[in-house]
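Visitor: Sequence:
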Amino acid sequence: MVRTRPWPDWWDWEIDLTPHFLKRMEDRDFSELDLRGMLQRAKTYGKDVAEDRWVIGTRHNLQRWEVIVEPDVIEQLLIIITAYPISG
Numbered sequence: 361m362v363r364t365r366p367w368p369d370w371w372d373w374e375i376d377l378t379p380h381f382l383k384r385m386e387d388r389d390f391s392e393l394d395l396r397g398m399l400q401r402a403k404t405y406g407k408d409v410a411e412d413r414w415v416i417g418t419r420h421n422l423q424r425w426e427v428i429v430e431p432d433v434i435e436q437l438l439i440i441i442t443a444y445p446i447s448g
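Whatever position you read off the sequence shown (first residue = 1), add 360 for our numbering.
Hints are not guaranteed to be accurate.
As the list claims (entries may be wrong) - Simulated DEER-style distance windows between Cβ atoms: (1) Ile434 x Asp389: 11 to 21 Å; (2) Pro366 x Asp387: 11 to 21 Å; (3) Val433 x Asp389: 27 to 37 Å; (4) Asp369 x Ser447: 11 to 21 Å; (5) Glu435 x Glu392: 17 to 27 Å; (6) Asp389 x Asp369: 29 to 39 Å; (7) Pro366 x Asp389: 11 to 21 Å.
Source of the hints: derived by calculation from the structure; they are not laboratory data. Just so we're clear, the structure is a prediction, and the values are computed from it rather than from any experiment. Ideal Cβ placement from N, Cα and C applies to all residues, glycine included.
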């Protein structure tokens, strides 16, 4: 993962939550407010294994988390794909 500033232009775009993400939010017991906090505390970002997606490194409840995002350059939205805690 790359630790760098400034963040890409898409970092400041409005977010859009996918149905998959909303299900994961419920499964992993966190809220949209928690997600927004995680994004504010983000420290790293890097390319994901899936094309056009990025992995955001952050923290939530004293644990490391990753948030997977996909910038939509046409709509200028940052689509939130999923978020999960990192074990270990």
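Visitor: Check each numbered hint from earlier against the structure, then list the numbers of those it violates in ascending order.
Guide: Violated hints (numbers, rising): 1, 2, 4 and 7; every other hint is consistent with the structure.
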